[in-house]
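Enquirer: Now for the letters of each chain:
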Amino acid sequence: MSDMVVATRPAREGLWQRIWRRRTRNYVIAFLFVLPALINFTIFRYLPILTTLRASLWQYSLLGGYGDFIGLQHYRFMLEDPIFWKSLRVTAAFVLLKVPLQVAFSLVLAVFLRQERWILGVVRSAIFTPVVTSMIVVSVLWSMMYHSQLGLINSLFSIVGIPRQAFLSNANRALPAVTVMMIWKEVGFSLILLLAGLKGIPEVYSEAAIVDGANRLQIFWHVTLPLLRRVLMFVVVTQTIFSSQVFVPVYAMTRGGPLNATKVIVYYIYQYGFLFQDMGYASAMSIATLVILLVVSGIQMRAFRSEVEY
Amino acid sequence: MSISRLVGLGARKIIEYAIYLAILLIFVIPFAWMILGSLRNETEIFANLYPFTWHTIVPIEWTLKNYLDIFGLSPEGQSYGLNFQRFLFNSFLVSAAVVCSSLVVNTMGAYFFARLDFPYKNVLLVFVIATMLVPFQVTMVPLYIVVSSLNLEDTYWALILPWYASPFVIFALIQFFKEIPKELDEAAIIDGASYWGVLRHVIVPNAIPGIITLALLEFQFIWNLFYWPLIAISNNNLQMIQVAISQQTTQTQVYWGRTFAGATLASLPVIILFLALQRYYVQGIALSGLKG
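Just so you know, the sequences run in chain order A and B.
Under this note's numbering, the first residue of the first sequence carries the number 20, and numbering increases by one thereafter.
Under this note's numbering, the first residue of the second sequence carries the number 50, and numbering increases by one thereafter.
Don't take each hint at face value.
What the hints assert, rightly or not - Facing chain B, from chain A, some residues (calculated, C-beta under 10 Å):
1. Pro55
2. Leu214
3. Asn234
4. Gln237
5. Val265
Calculated directly from the structure, the hints in this document are not laboratory data.
Computed from a predicted model, the values in this text were never measured in an experiment.
Yeah, the Cβ is synthetic: ideal placement off N, Cα and C, and Gly gets one too.
Next up, chain A with everything else stripped away, as it sits in the complex (with noise of 0.2 Å):
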């Protein structure tokens, strides 16, 4: 019994410290559980973008390290560098050429390989292998397809007798064929989340519509996309920032070339940072780049909100 009296009788004093202390404990428990997280972000995602900011504004080399402050004059450069905008311009028409026709097939493929049997089941797991296969690989195979003597597509072409193409060399031709291949690795990606959108959609809604008269192309139009819309909206948000950072196929085919027809922003950075060695102009441009995606995904994800509400 005396035992007792002695262990309550701190307790009694101290109930609302002691509260404390156990919590200020269990938070600090709790902290410790996302603090390896937290450490990763702050230096690997945060602080590079921090560094960058102020790379831009110092002459700044790999090799020199920090030289002069220059102030802005990076991006007034930047402003004037003929190169700097053609690169955007390419960025934008890869992006614009590729994320519409990419959902539309995704879209295609989805009504039609929705059901479940086995040889549709074959024909998802094909589509999706190239989704998982690296970039780079599919970059050297494809390269090798479109090469003008000895690739693949040219000898698929003289079945119908067309006669051989140059593809990368072409300028008028690199941008489009990079799209093209591009649309082939990538397409499985949304047909996998179009096909999830598809199953969450109660049949009833199309059955529904079966009873009222319409045929599958009715169903498809005011029935299944309009359901369809958030899940494809988040399609059209992700590609279109992936896109916009394409840089693996036009280092492994191109280089930017013909005629920088392909020289897409990110190309362009990693051209200055590490061949030209200017790492100050390059982060200026990431700085610009950062800004203008974050804007395109702000108006894109505002868009889509209020698509939503209603």
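With the hints as your guide, set chain B onto chain A.
Expert: Only chain B this time, still in chain A's reference frame:
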């Protein structure tokens, strides 16, 4: 049913299957050309290109020579100093290290956000989620500046450390953890389990499918990484397989057989994993899209 309708139905079936076959071929032929091309002599690849026949794709004479070359096991491969096993080893090492560390760190982080009590937890969540909005490729140059100022460039650490935590994985795991009934971990806490004990014995065993999915996605992401190892690693002994095959093609443009063999090795592990665990993979992507 009249005969003409029956014929019509049959014709429709044939057209339907023809379309499936066409789609299948569009996606399979490039891979078939690559894999089968790695199993034949180079001269054979070029000699059978025109006109297009069965043997444009399928070898006449099968050989492993290209593989012996890139592994440096043939005299020719040795004379070029080819050593692909080293690149494969690097890729496996880095992928395994990232998948393991990221599973521990992200699981802990997701448990914190899904279950634990902390002031201003939502602000921290925004801090994590906001990193997903930052365009990935655009921040590679900035990331390089940080990594080189930490003197980590040209080490395995440069390949592992930036990826040991992922906002995407944390976010997805939070969704999985939220589906586990809260009563389970509350009961364990009353029984005297620590947070760590709850995570190990209650949360993780109940989220195994989700964890497999994310481990798979993470492995694919790291294995396929190209831009980051390209700029972060200049020591050829530490290079990952994806960069190695691209350098192989640019330096020795003519050696198509070796390029095919390297590309096959660089993509086969992920393709096999994907085909074996396709259900998890599809679920993972669908989850990220539909809940995100």
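Enquirer: Are the hints correct? Go through all of them and say.
Expert: How the hints compare with the structure:
1. Pro55: 5 Å, holds
2. Leu214: Hint holds; leucine 214 (chain A) Cβ to chain B Cβ min 8 Å, cut 10 Å.
3. Asn234: Given a least distance of 16 Å, the restraint on asparagine 234 (chain A) is violated.
4. Gln237: Hint violated; glutamine 237 (chain A) Cβ to chain B Cβ min 20 Å, cut 10 Å.
5. Val265: 8 Å, holds
Consistency with the previously given hints fails for numbers 3, 4, ordered from lowest to highest.
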